[in-house]
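Starting from the known structure of chain L, arrange chain R on it as the hints suggest.
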Amino acid sequence: MKILVLVKQTFDTEEKIVLKDGRVNDEGVNLIMNPYDEYAVEEAIRLKEASGAEVVAISFGPERAESALRTALAMGADRAVLVEAGSDAADESVAAKALAAVARRESFDLVLCGYMSVDNGAAQTGPRLAEELDIPHISSVTKLTIDGRSVTAVRDAEGDTETVEGELPLLVTAQQGLNEPRYPSLPGIMKAKKKPLERIALSELGLSAGDMSAKTAVTDIFLPAKRQGGKILQGDMDEQAAELARLLRDEAKVV
Amino acid sequence: MENKLILVPAEVRSGQLRRVSLEALAAAGRIGEGCRIGAVLLGREAEKHIEALAQGGADVIYWADAPELDSPHADAWYQALAGIIRDLQPAAVLMGHTALGKDVMPRLAVRFGCGLIADCVGLEKDAEGIRFVRPIYAGKAFEKRTAVHGMLLATIRPNNIAPNEPDSSRQAEVVRVAAGPLHVRTVIRDIVRKSASGVDLSEAKIIVSGGRGVKSAEGFRPLQELADVLGAAVGASRGACDAGYCDYSLQIGQTGKIVTPDLYIACGISGAIQHLAGMSNSRVIVAINKDPEAPIFQVADYGIVGDLFEAVPRLTKQLKAMLEQ
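In order, the protein sequences belong to chains L and R.
First residue of the first sequence? That's 11 in our numbering, and the numbers climb one at a time after it.
First residue of the second sequence? That's 1165 in our numbering, and the numbers climb one at a time after it.
This is chain L alone, in the form it adopts within the complex:
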């Protein structure tokens, strides 16, 4: 079986966001693999350990995204491919076109990716890629079982738990709770340095100019107004509870 797993490099979730010249500043920021992609990589490696699949990790991003791919290799992926965008004018549509071009070149039985990225948070990449590849997708999966060509997935859909069945080839987006991602071992990290990591420029994929142009544009980025701390209530607990109820009704007007 051949498994493709998508990886995105994102800021560490501890990071505060700073703007410079109207854009998000990445100087000095700690970078990690998108946490949701960790579940996808882990699941791919488990499938590999169970049935000897080949796992190829793919990323669309800047040059520095190589370190996220090396982490995937250190966790156990066999090969990696980085498509370098060259600029940051790409949007979700361009990313999906690029990833699809690599996927078609690779051939695959299963594509795994995170449910969404913690930076853009749009949850588009997985479903877009599935449509580009003309395969079904199952999103927000918390349990995955592959038996031959049959796929059974349990998913979290707005508080409901659905059991969905399909057949390979298909794409699965990983939700928290799918598994516990392993920390790369030291031997894994050493081996990862020697595993093949191919770099391709977006322009080398044979995509049309239209496909490589974003369909949306960012006009502005801003930070929310800083929240101030408010009142700490006083008195014994009975008094505080009564006061809070009153404030919520009369001052905040939310009950």
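The hints are simulated quantities; they were obtained by calculation from the structure and are not laboratory data.
Among these hints, one or two may not hold up.
In silico SDA-like links for lysine to any residue, alpha-carbon gap of 25 Å or less [claimed, not checked]:
#, chain 1, residue 1, chain 2, residue 2
1, L, K236, L, L257
2, L, K153, R, D1406
3, R, K1308, L, V228
For chain R alone, coordinates are given in the frame of chain L:
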């Protein structure tokens, strides 16, 4: 975008029209002055929601009643909507940023070669065009985005854009449309409805949330009682989920659900950056924590420093009495 059509696929959940669909209708009205606003209803049971959609701003309702569309099946809905969009050629499609919206809209964007601006919390329209506002980095920042090519597709985050006041004089034309042959490639074998209270976190106007301070699964019970009195949903911090006090589906935070309720009551939650990212855009925040130095107090509008097991039941009692009046 004048004299054009804007489509709003509407969702029904537990027999009710979802509020976010009315919010999307309102957004469609705002961006499409001079346009026809067309709600799309899928499924046989949908007929009873025609009036609510008309009163909420729909000029026309397109209704496809194939049985495969009765429940939210992403593949069936995607195919039905693709056929409807191909036939009607709208200038824009707006839908809630729901489980179904997240499954079908990106696929439709690829099918029709356009962009999708997802998880919008606001919009602006002026001489320069239409811009949608959406959170990035879990709401630590925001961006404004515009469509530069093709149809305008957007998904709307629940509870951020006000629905229209229902106008009982409004009527909508109902047009029956064909769903087309639907060849679904996945099968939903089973659905277990978890939210017994019926209030989903992403749409809840009030959320009562528990952190590690809850100390056990049973510790959520006073929070659930408070939620019941308020008609609220119950959420949790990552710490509570990791400790096994509750299911991950309750998790609010950068790697969980991002919520924007009118009122967020954080009980025994310290306020780590990742958790704040998930809820700091709530309109009003209440924090209850034993530790006066807990970071959550820096974003809370009202704070109680104390034991949540003392505070929450008392608050429940006060609010119950107040709301019964």
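Structure-based check of each hint:
1. L:K236 x L:L257: With Cα atoms ~22 Å apart, L:K236 and L:L257 stay inside 25 Å; holds.
2. L:K153 x R:D1406: With Cα atoms ~17 Å apart, L:K153 and R:D1406 stay inside 25 Å; holds.
3. R:K1308 x L:V228: Roughly 6 Å separates the two Cα atoms, so the pair holds.
The structure meets every hint from the earlier list without exception.
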